[in-house]
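Taken in sequence, the protein lines are chains A and B.
Here the numbering used here is used: position 214 in the first sequence is 214, and no number is missing along the way.
Here the numbering used here is used: position 26 in the second sequence is 26, and no number is missing along the way.
In case anyone wonders, no lab produced these hints; they're calculated from the structure.
Mixed in with the good hints, there may be bad ones.
[Said to hold, decoys possible] One-sided and incomplete, this derived list gives chain B residues near chain A with beta-carbon spacing under 8 Å:
#1 Val11
#2 Leu18
#3 Gly30
#4 Gly43
#5 Pro53
Note that this is a predicted model, so its numbers are computed, not measured.
Backbone N, C-alpha and C fix where the C-beta goes; we use that ideal spot for every residue, glycine too.
The chain contents come next:
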Amino acid sequence: MTVSPQDVDLATVDLSDRDWWTTPPAYRHAAFDRLRREQPLAFFAEPDIPGLPAGPGYHAVTRYADLEAISSQPAVFCSGRGAVSMQDVPAELHEFFGSLISMDDPRHAKIRRIVSKTFTPRMLERTLDSVRAIVDDVLARARAKAEAGDGTIDVVADVAAPIPLRVICDMMGVPEEDRPGVLANSNIVLSGGDPELIENDDPLTAFLTAGMEMAALMERLAAERLSDPRDDLTTALVRSEVDGERLTHQEIASFFILLLVAGNETTRNAISQGLLALSEHPDQWARWAADPGLDRTGVEEVVRWVSPVTWMRRTATRDGEIDGHRFTAGEKFLLFYAAANRDPEVFADPQRFDVSRDPNPHVGFGSKGPHFCLGAHLARRELQVTFRAIFDQLPDLEVTGPPDRLASSFVNGLKRLPARLTGDR
Amino acid sequence: MRVTVDRERCVGSGQCELLAPEVFEVDDDGAVRVLQEQPDDDGAVRDAVQQCPTGALSAEE
Ligand code: SF4
Chain A
1 MTVSPQDVDL
11 ATVDLSDRDW
21 WTTPPAYRHA
31 AFDRLRREQP
41 LAFFAEPDIP
51 GLPAGPGYHA
61 VTRYADLEAI
71 SSQPAVFCSG
81 RGAVSMQDVP
91 AELHEFFGSL
101 ISMDDPRHAK
111 IRRIVSKTFT
121 PRMLERTLDS
131 VRAIVDDVLA
141 RARAKAEAGD
151 GTIDVVADVA
161 APIPLRVICD
171 MMGVPEEDRP
181 GVLANSNIVL
191 SGGDPELIEN
201 DDPLTAFLTA
211 GMEMAALMER
221 LAAERLSDPR
231 DDLTTALVRS
241 EVDGERLTHQ
251 EIASFFILLL
261 VAGNETTRNA
271 ISQGLLALSE
281 HPDQWARWAA
291 DPGLDRTGVE
301 EVVRWVSPVT
311 WMRRTATRDG
321 EIDGHRFTAG
331 EKFLLFYAAA
341 NRDPEVFADP
351 QRFDVSRDPN
361 PHVGFGSKGP
371 HFCLGAHLAR
381 RELQVTFRAI
391 FDQLPDLEVT
401 GPPDRLASSF
411 VNGLKRLPAR
421 LTGDR
Chain B
1 MRVTVDRERC
11 VGSGQCELLA
21 PEVFEVDDDG
31 AVRVLQEQPD
41 DDGAVRDAVQ
51 QCPTGALSAE
61 E
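Just chain B, same shape as in the assembly (with noise of 0.2 Å):
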């Protein structure tokens, strides 16, 4: 799976990386960073990018 974030989009909330702490960190510019873009398809990963309230992830097989 591979995952992208819009930054613009991003407002910095930490839903992700509460959700998936070892894909997701919201950075010192106050949004998140992608740790591995390429993370193990497990459901933490689909919440956090289904559940980001802004919509700033996205996921593709």
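Bound conformation, chain A alone (with noise of 0.2 Å):
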């Protein structure tokens, strides 16, 4: 579908209402393309979340270059008063689920110190072996269940949640019977209030005790690594330190979160809407499954078209002017990367997906700045392990139905996609 930007009526484009956001994707990037060319530090209201006070609302920035300028100068414009949610909640809370997206130097570099150490290309190059033999086994068993059944699958359950989850959980040492618990409260941490992931319509009481129950489990695990150590990342972050400190166990089960929320989830929507974007596109389907020297800008270009994560906030810490508008301390910025990432300004003809673009400077990781996607290796690899995977085992692999979109401003998510094993190759 192509909706071009005149066809959007800027008056009923509404960034901070959640149903704006299940709108066909092609709709709202329209939206932006008239946002980025008119206003493109557009002021939005903050939306009325039960239980938070409203805030004084944000700014949407749009263009890649104002969004550039504003992240690489984390000074002026911190993360943290809260970098995910557009209302301030309390500074606790925020750092608890935000780990160290929510954090400023001096506390943000000594834990990315930490963090990063145990989470090197190196390292991460001894998991992907283990990646490997999870992604062939969540395939064999998607094929399975189609062959055991009326060969449909749901691309998301079946294929795109088990990966992440398993790499992230084997990396951690998450013990199997603790697993489906995980999923499910990294769903309610992410649906970004969606009613059909939350039960009753208290969203703050369910992210918080979903949180809580994660953290209870890190915890645990903290301390049985302290006491028995193996060879996992929970047992190299209790045991690592910078200038002398080391993470509170607590700190240990907010990075775990993060982990899970951050690169779960992320990871889950970036193979779930990939694989949209390829069965829209069958001749880049075609092409990328043919070469596979086109595993790497191919990841690059489903990064850039799904934007899995949709935005991060920055808040002024004094007065200034960015692009000709003076801003004054306080005063809040939500970072739209999914913008950016079709400025036309810095991507040629943005709008069209495809998997051999290069160079493709997107800002689906974060762009410039001490912020920037601290899981950028893992996600890359696991998705060029896993596209290639299917290409190779499910070539037969054909969505059969529109997505099911979460109902969330944040993350750019699927919460099913029907699709069918044809067993023709």
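Starting from the two chains in their separate frames, assemble the complex, guided by the hints.
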């Protein structure tokens, strides 16, 4: 479907409205096009969430250049007042859920160091063999399920969700029996309040309970690993120190929530929506499937196209000016990665899905600055392995219906994507 | 070409190591170490310097 920006009535665009985010992506991108051109720092009121005071509103940053300028000045545009919520939430809460994402220096630098030394490209290369084994197993189970039934699968539940969850749980050493609970809780934390995923209509309580359960699990594991070290990331985290300082068990628990939420759900959505994009662009599917040389650029294009995290927030720490707009301390800016990733100033023909796009300086993992995604290599390698394995092992996969979209402004997610394994190869 | 790193700014994201593993390595302190101070001037090293998210790397002719 193509939608021209002229078809969009800007007066009806409300980025704070959860329902707006279930409109078709083509429409949303057309709206971003107009915002970028006509109101690159458009102002929106904050959504009403029961239990949270409504704040002053925010600017939606839609131009690549503005987004980069803001990200690369972390002292002027801080994360410590909350990066993942439009509203201000109590400091303990956003640190607990956001971990590093909602911290500023010097604390951010210190914790990021501890984490990055256990998360180096070298370490991750070592986990790649286990990633391959996990992907093969998940795809074999999807095939078995289709064959045992009517040939259909759900791409989300049967392919996209189990892969990153198992990778992260393996890395952290989460026991098998605790994993279903981890998946359920991570769904709640990232549900964006989607009523289907939250049973009563009190999202705040549901978030808190889910977070507490994950934290309790992780604190238990951290304590176990201290006395009984193993070859996993949890052991590395409880043991490593920077300047004589170690992570507390609570910090490890928060970091685990960050990994699950940031690493699990985003990779899942990149897989499911990457497959959706490929099925909507069969020429690109055929090209990529035939050429492993495209694995690198193909994955970058999927991340640009999908932008699994739609935005993060920054808050001005002082008065200043950006792109002709004078701002004062306390003003909020939402960095719309999804919009910047289709900025025609940076990407030639940005609404075209092209698995060979190169260069592709997308901001799907964040822009310049200290908050650049620390799981970027893991995600990249995981996605490369996954798409290649799908091309090889499920060449007959055919998306059969429209996806069910998550009603969230923050995570560009799918709840379901029906597909069929046709048996033709 | 001469490459230097500002270890205070480096957040250990490892982007440089991914692009030019012979030249950069995130070490056990969680910050990057330059393995070759005067690498051959190939595109990968330049990309690494340019793409470092925190601007911790610099290169001189
Ligand atoms: S890319 Fe920059 S921040 Fe990342 S490890 Fe290299 S020097 Fe450090």
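Hint by hint, here is what the structure shows:
1. Val11: 5 Å, holds
2. Leu18: 6 Å, holds
3. Gly30: 3 Å, holds
4. Gly43: 11 Å, violated
5. Pro53: 4 Å, holds
Hint violations for this structure: number 4 only, all remaining hints satisfied.
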